[in-house]
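Asker: Letter by letter, the chains look like this.
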Amino acid sequence: MRIHCPHCGPRGHDEFVHHGDAAPRRPQADAPDAAFHDYVYLRDNPAGPYRELWFHAAGCHSWLVVERDTRTHEIRSVTFARGDA
Amino acid sequence: MSARLPSGGLIDRTRTLRFSFDGRRHEGFAGDTLAAALLADGVRLVGRSFKYHRPRGVLTAGPEEPNALVELRSGARREPNTRATVVELYDGLEAQSQNRWPSLRFDLLALNGLFSPLLGAGFYYKTFMWPSAFWEKVYEPLIRRAAGLGSLSTAPDPDHYEKATAFCDLLVVGSGPAGLMAALVAARSGARVILAEQDCLFGGRCLSERIVLGDGSAHRWVQSVVAELAATPGVRLLPRTTVVGTYDHGAYTAVERVNDHVAAPPPFEPRQRLWRIVAKRAVLAAGALERPLVFGDNDLPGVMLASAVSTYINRYAVRPGERAVLYADNDHAWATVADLRAAGAEIVAIVDPRPDARARAAVVARDAPLLTGVVRRALGGRSLQGVEVVGADGHVHRLDCDLLAMSGGWAPTLHLTSHLGAKPRWDAERSMFLPEQLPPWLLVAGAAGGELTTAAALSTGIRIAEGSLQSLGIAPRGVTPPVAGEEADAWTPLWRAPSGRGKRFIDFQNDVTTADLELAHREGFGASEHAKRYTTLGMATDQGKTSALNGLATLAAFTGKSIGEVGTTTYRPPYTPVAIGALAGHHRGPDFRPTRLTPSHEWAREQGAVFIESGAWLRAQYFPRAGETDWLPPVIREVQAVRSTVGLCDVSTLGKIELKGPDALRFIERLYANGWQTLAVGRARYGVMLREDGRVMDDGTVARLGEQHWFMTTTTANAVAVYQHMQHCHQVLWPELDVQFTSVTEQWAQFAVAGPRSRELLRRILASGEDLSNDAFPYMAAQAVTLTDGLRGRLFRLSFSGELAYEIAVPARHGDAVIRRLAAAGEDLGVVPYGIEALGVMRIEKGHVAGNELTGRTSAQQLGLGRMLSTQKDYIGARLARLPALDDPADTQLVGVRPVDVKTRLMSGAHFLPLAAPTTFEHEQGYVTSVAYSPSLGHWIALGLLKNGRHRHGERLRAVDLLRSQETEVEICEPVFIDPQGARLRG
Ligand SMILES: [Zn+2]
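Here the protein sequences come in this chain order: A and B.
The opening position of the first sequence corresponds to residue 1 in this note's numbering, with each subsequent residue numbered one higher.
The opening position of the second sequence corresponds to residue 1001 in this note's numbering, with each subsequent residue numbered one higher.
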């Protein structure tokens, strides 16, 4: 796979570390236990477009949000995770 | 008897090459393959089949060969299962036939054929069911001896392999008419082009067939195109290179056989090179494979694909037989008749199953008999002597011949289009599987796309390349294809094999017959993926290149479905077998991965250190002196030296991270479980870091070097993971925090100076103004220091050993000099270097947890660090760490362990069991995590994780090691063995 790092350009996927679902948001400190449980343990596993976190470990050390179709590996977008809402 | 023609061919008759096959000497010419040279010397029997040990000859002239597999070379370079049809001849080549005993001509195991009912489909599953103990002792050795195809050399491979990466606009796979046209269009348009050809020569079918292009031979045309490509900047020609795999987003793997065509690679050259090619667009122009026809004993030496017959005649000037029968269901194969006639062979007959082809075929047959019908059976012992033909009228003809050229039409070579999971589509009208659901960056031209004539190959090559370039924004420059002559290409596929005597082989390499497929169907394994595994159809090293289509057609006939409904099995990389050496490249032995050396490595080597791998690092394990032959005496000596005088240990491998910024404190607070608000500038503190699930991730120390300037260490093993975690926390979770940090592991050399006389030693290398008194520089102090020569460093009063101890850090490039100064300055104090064994002994004596306890499954509470968990703040893991399950007395807790009999040794990994209970899993109570011989106590000690262990100090248990058959009675104790009050380290 080739991932277009917005900082470094197109690079082979072996430069990156995969981290999984980009959707979960860390709950506030006063959120109920269940919110933390869901944040830590619950992940979707869709067949189709999926927004996931990748770390450019052998590059610029950016955390990226990569939108990848899990059926085809087609990558639709790559953005910096910093400031991702 | 020589079958070499007096002239012609693409061989160099001025260069005679000597080689041997099964010890017999032969000669061939430069340009021959091993198969061509053997056929030229009249050798027809080249191997024995996998299961039945039937005599086999050469079936093809390419990489799809299922029969002519030989062991190539000898000694350390011996390589089994090489296809003689693609082995380029070189002087001194040695080859051995495979799978025969005691000799190729007389193979006792051919008796297997008599027992073939026992060896049918599914026989592995049925015959060798019971009793299970027989598998290991009887069945498997038996099968392995009887069924092995060649044997590996067990000596290390003496050759080198390398890896390379290339980028291009257009990758062209295959250099027949379509591939050459595609490459030429791209080259003239200024694109970056890679042309990969598995053969040593470019040209594809132009090398094998007598084709006229424009006003000359196709071969001359090929040479002019290749010359132009070679002269064009931005074009890389890769002959002897097979593209073996397609990967996502236009990445390909190719194997270049740089020096397989010589006896041994020249000095400093690799044997093979593994390419990773990244191409914006690729054109697959890999041609097509001819399909064998199925009839009784169709595996006899002398039965050959028609295209192979033409190749041996036209390219190698070898006549594969004297009296030939052509058996084909298509007009294209008639060209082979002309080739055979030109080579002086007699055409015994043309057998064609198609009644409608009679009139056209009569022109080709001339005065040879033309039989409308099918071949029922091949006749002969070790090679072909004749064929039985059943005419359309039912009349059986017996023809004497020594060569049967057969053709069942062509199957596009579309493997590379299917590697990403797309299933080819069956085109019933054209009787072929065609590529389907191609990604936009992969295109197909020529025969690989079903365009079987030369004219169509030329035009599709141009058209596909033009489209590819346009999609890349490159304006294509016009190329006019040469005029190709008319080609007969009518085809009515013959799928059904006639019934009758003899084995009708579908998969030659794995000895799978129509009877096997019928049995698979009868027993409920008729679906293509089932039948493949039940019969092993297509599972040999040739991956079914000549058998896949016939297998599907046979299954379709049994099940009453169409071939399209039966469907094809999945194609996976690699297209042809790849040597493990090529995949490894330079990454083998000590070069398997990069080795990281500590700043004091050279000095430690001079001190006689024994090194051990610690992740990618090479660290000093211990420093044996003369007479110390075992590992334990030096470790004991090193521990005693640290506890009585002073020792030096390189701890540079710890992960080191420097943080700065107004929010650095806030960031560290969220990163670690314990609090940092009260840490003063110039002080350090032990910290523990959790994962969000509440378990311990890592531990280390954090020093506050300035108001907004922090320096932290991680364990050696977790340095990368912790740094990545911190980046995640900063970039993803809390981008609003104003903090910057970077890894400085490589930038600082850091040495532990430990022992009662460490202060005295350090004073000798620090500038006179540095005050190391206990008041000025107490336990856990951390600050910048100046050495006597003005070098600036950092000093930390940290102790892993429990002694008065420091860690001094200097820029890495000064590490070697500083460790030598420390050693020299401490000579009269008796300073010793100590390794990570002694380090480990002392940490166990002090009860510090390390990797054996920080398994990622232990909680801070289990490790006795529960009181560190802050309740005053949010941090990673804060919430789930408070779950009752993480502090459950029914779970294990860290304990100390000592043997009741102090003479016994403790074993890491031994399980705790009550004294009286039986040794069963239900009574298991935990296990020993770390053991050491304590020189201070004079006996073995250990740390362990024991259920409810904190409340069981004083209790006696059994420590049972079933792997090493050892059982020791132990007493549970506080996990601190030395100086529990910590008086020494504060002294
Ligand atoms: Zn990057």
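Keep in mind the hints are simulated off the structure, nothing from the lab.
Check before you lean on any hint, since a few could be wrong.
[Claimed, not checked] Subject to a maximum C-alpha distance of 25 Å in a straight line, what follows is the list of computed SDA-like cross-link-like pairs (lysine to any residue):
(1) B:K1660 <-> A:Y50
(2) B:K1163 <-> B:F1268
(3) B:K1873 <-> B:V1688
(4) B:K1280 <-> A:V17
(5) B:K1163 <-> A:H13
(6) B:K1873 <-> A:R26
(7) B:K1163 <-> A:P32
(8) B:K1423 <-> B:F1268
Asker: Look at each hint and say if it fits the structure.
Answerer: How the hints compare with the structure:
1. B:K1660 <-> A:Y50: 35 Å, violated
2. B:K1163 <-> B:F1268: 14 Å, holds
3. B:K1873 <-> B:V1688: 14 Å, holds
4. B:K1280 <-> A:V17: 24 Å, holds
5. B:K1163 <-> A:H13: 17 Å, holds
6. B:K1873 <-> A:R26: 15 Å, holds
7. B:K1163 <-> A:P32: Between B:K1163 and A:P32 the Cα gap is close to 53 Å, so the pair fails against 25 Å, i.e. violated.
8. B:K1423 <-> B:F1268: 43 Å, violated
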